[in-house]
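Please put together the full structure from these sequences, using the hints given.
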Amino acid sequence: MADYPQSLQAKLIRFGIYAVLVLMALWYLAPLYVMLSTSFKTLDEIRAGNLLSLPGTFSLDAWSAAWSSACTGVECGGMKRYFANSLTMMIPAVLISTLVGAFNGYILSMWRFKGSDMFFMALLIGTFLPFQVVILPMAQVLGWLELENSTGRLVLVHVIYGLQFTTLFFRNYYVTVPGELVKAARIDGAGFFRIFFKILLPISVPTIMVCLIWQTTQIWNDYLFGVVFSSGEGQPMTVALNNLVNTSTGVKQYNVDMAAAIIAALPTLLVYMVGGKYFVRGLTAGAVKG
Amino acid sequence: MTASRQGAPGFSISRLADVILPKLVLAPTVLACLVGFYVFIGWTAWLSFTESRLLPRYEWAGFVQYVELFGNERWWGAMQNLGIFGGLFILVSMALGLLMAVLLDQKIRFEGAIRTLYLYPMALSFIVTGTAWKWILNPGLGLEKMAHDWGFTGVTFDWIINPDFAIYTVVIAGVWQSSGFVMALFLAGLRGVDDSIIKAAQMDGASLPTIYTRIIIPSLRPVFLSAFMILAHIAVKSFDLVMALTGGGPGFATDLPSIFMYQHGFTRGQLGLGAASAMMMLFTACAVVMPLLYSELRRERRG
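Protein sequences appear in the order of chains S and R. For what it's worth, the numbering used here labels the leading residue of the first sequence as 1, then goes sequentially. For what it's worth, the numbering used here labels the leading residue of the second sequence as 291, then goes sequentially.
It is worth saying that the hints were derived from the structure and are not from the lab. All C-beta atoms, glycine included, are put in the ideal place defined by N, C-alpha and C. One or more of the hints may lead you astray.
Claimed, not checked - With a Cα cut of at most 30 Å, we get these calculated BS3-like pairs of lysine-lysine:
id, chain 1, residue 1, chain 2, residue 2
1, S, LYS277, R, LYS313
2, S, LYS198, S, LYS183
3, R, LYS313, S, LYS198
4, S, LYS277, S, LYS198
5, S, LYS114, S, LYS252
6, R, LYS489, S, LYS11
7, S, LYS11, R, LYS397
8, R, LYS435, S, LYS252
Stated by the list, open to error - Among chain R residues calculated to face chain S with C-beta under 10 Å, some are:
id, residue
9, PRO318
10, THR319
11, LEU337
12, PHE360
13, ILE404
14, ILE417
15, PRO429
16, LEU431
17, LEU480
Claimed, not checked - Take a look, some chain R residues computed to stay more than 12 Å from chain S by CB distance:
id, residue
18, TRP350
19, GLU358
20, GLY361
21, GLN370
22, PHE400
23, LEU409
24, SER509
25, ILE520
Laid out in structure tokens, this is it:
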């Protein structure tokens, strides 16, 4: 396109394109900027200034309040407990669902048996279901299991409803791996587990990354399961944040709300910055191939 | 599928293990999937045909809950809101996403950085997005005040507390979160378009806009379909965004089926009604997604 000398019109068009792109970038960035600047302001500054004004003195009071003393309802211990809840729930749930998904994908591609393709379809359909249609029975079953611990309940639920995605990621990758690789290994006497750990797992690093990142963001960001299956001090971060923001007692502390929101956003933002490439791949693979 | 078929000369424990192990390892997932999805859907369906209130009861009661649901004004309000929100959310996200993808496809400098910026909201929880936009749209201290500070003192921007406009604030926040993702989908699609077709069209003297509207964009049909399905899916199950942004209010102005379901099923002791509304959500999701999925599967088989 740029092989011939650019006319004035072409230059204008080019300028227009960049202008639109920059405007769009600002629109995506603005809420983050507003959250950050608000979190460093005092309440007086918030009332005196406006959304875009910079904080006069970078005050960290809102951050420390959000972390350790903000009130959600009657409890006033800040977000730290809930942040820890989300972490202790997320880590085992992500690891278990990824490992099981890897095995499932391996079986559904390399060890197919009668009915396995049908099962894969049944699993895929699950990716389209609104979870509202399963949460009532799930609540009942968790009650029967007498699983009182909120974190334990959420790990179980997140593993069950994450498997469809993790299985999909690995299955779709393993079907692209030549079957001869596995056949040769079998002739050499390698068994089910040996082939998986020695041959397939070492070449699965990108898929493992996609899967870990997808599950981390899904589970950390979940609200529905959190609000339905956990209670009180066992609630995850998202639920606590919503409680904090929508607590109607006392003076509304917008700076604390924003600091808490950023704390809730930090882990997944970090994951996005470190593994953005895999994040995008997961989004498109998980969603498109469904 | 018995072990005896493998019981030729090379029969051994390890060969037997190769037959049994895959099924054994897959079994927990099969169980989780069958129970977690299919048994539970049946269970919810069953509950929707009972008079369960605070506690589940399992005596058949016919269609009472559905009769009550269809006579419930709040439910229809929620469905209408879903229509407005879903329609606009999908339309605007797709339009913005396509526009950004086409612009980004013009050999843009810093494309990677710009893409990263457009997509980061997708990594956030809808609760965080809702919290941020709730603050930005705050009528006393948010955008309205900013406009006043800048001298536009006549401006009122109180959509978030205005029952007639609150639903559009949900659209704004939803689009902010998801449009970058649609951009990524379209951009991936654009990069997959065969260059030789475009070159040939250029040789024939077609202008760039014509090439886009006549050749490139129509060839993105599958991307449109998947973007539509994903966005529709997000819309139908949207819950957290509204809970954080407006809590369904003011009044029931931004109520959605998911909120209706949650409140009746879990906080108001109306299990049966909650189950019936959950079933209606399932049908809505199926009605939107299945025809598209079906047509796509058929195309794939033929192609």
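Evaluated hints:
{"no.": "1", "hint": "S/LYS277 <-> R/LYS313", "in the structure": "violated (34 Å)"}
{"no.": "2", "hint": "S/LYS198 <-> S/LYS183", "in the structure": "holds (14 Å)"}
{"no.": "3", "hint": "R/LYS313 <-> S/LYS198", "in the structure": "holds (20 Å)"}
{"no.": "4", "hint": "S/LYS277 <-> S/LYS198", "in the structure": "holds (26 Å)"}
{"no.": "5", "hint": "S/LYS114 <-> S/LYS252", "in the structure": "violated (61 Å)"}
{"no.": "6", "hint": "R/LYS489 <-> S/LYS11", "in the structure": "holds (22 Å)"}
{"no.": "7", "hint": "S/LYS11 <-> R/LYS397", "in the structure": "holds (14 Å)"}
{"no.": "8", "hint": "R/LYS435 <-> S/LYS252", "in the structure": "holds (17 Å)"}
{"no.": "9", "hint": "PRO318", "in the structure": "holds (7 Å)"}
{"no.": "10", "hint": "THR319", "in the structure": "holds (5 Å)"}
{"no.": "11", "hint": "LEU337", "in the structure": "holds (6 Å)"}
{"no.": "12", "hint": "PHE360", "in the structure": "violated (18 Å)"}
{"no.": "13", "hint": "ILE404", "in the structure": "holds (6 Å)"}
{"no.": "14", "hint": "ILE417", "in the structure": "holds (4 Å)"}
{"no.": "15", "hint": "PRO429", "in the structure": "violated (12 Å)"}
{"no.": "16", "hint": "LEU431", "in the structure": "holds (6 Å)"}
{"no.": "17", "hint": "LEU480", "in the structure": "violated (13 Å)"}
{"no.": "18", "hint": "TRP350", "in the structure": "holds (17 Å)"}
{"no.": "19", "hint": "GLU358", "in the structure": "holds (17 Å)"}
{"no.": "20", "hint": "GLY361", "in the structure": "holds (21 Å)"}
{"no.": "21", "hint": "GLN370", "in the structure": "holds (18 Å)"}
{"no.": "22", "hint": "PHE400", "in the structure": "violated (9 Å)"}
{"no.": "23", "hint": "LEU409", "in the structure": "violated (7 Å)"}
{"no.": "24", "hint": "SER509", "in the structure": "holds (16 Å)"}
{"no.": "25", "hint": "ILE520", "in the structure": "violated (5 Å)"}
Comparing the model with each numbered hint stated earlier shows that hints 1, 5, 12, 15, 17, 22, 23, 25 do not hold.
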